[in-house]
Amino acid sequence: MCGAQLSLMEHETRLADHYGGKMHCGMETIREQYSEMKGFERLEEAIRIVDKEIERTKEKLKKDCENEIDQAEILKTQMIGELGEKIGTTIVKMEALGNEGKVEEAMELSKTIEEYKRKKRDLENDVRTVLNTPQVRLRVCDMCGAQLSLMEHETRLADHYGGKMHCGMETIREQYSEMKVISLFLKFHLGVE
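Under UniProt numbering, residues 1 to 193 are what the sequence shown spells out, in order.
Derived by calculation from the structure, the hints in this document are not laboratory data. Be aware that a few hints might be false.
What the hints assert, rightly or not - Below are the SDA-like pairs computed for lysine to any residue, each with C-alpha atoms no more than 20 Å apart in a straight line:
#, residue 1, residue 2
1, LYS119, GLU154
2, LYS60, GLN147
3, LYS58, ILE74
4, LYS86, LEU138
Work out the full structure: start from the sequences and follow the hints.
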């Protein structure tokens, strides 16, 4: 509405002779910046909601299994989860390299995946007797908040890490961090709010 009023004023005053179409371009820039700031705020809110949900779920799982196993077993289950995550993300990277035609790099990642799988199997054999309850076998994905089983097969974990929800949240977080850097730069160097 302000843009429409300014364009009417522009034609009725001497500003039209002096500035020409520059005022209209300025309003478009302001509208774009406002739209970007609203988008930034929406991304920030979405990430805040997901992070709260992740923390809430982690606390719930921690509380549920707190009395069930000792600290050493907790560390082992965390390592199993981390290895599962590494396997899943490495499989996605390996497939991407294979699709790009980089076979040697994909083969190197394949060897790394096999080493991760061996370590994970060894830890699973140590922990398998302790993990009797379903709560102990779950962990929360730090990116999207999904509950993942520690004992799931690597292909299911790779499906999760390559899935729409996980990749979508990854994209949202990347866009947010880029926008945050730009916003901080503008605030610090240009004094723009």
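Index of numbered hints that the structure contradicts, given in increasing order
none
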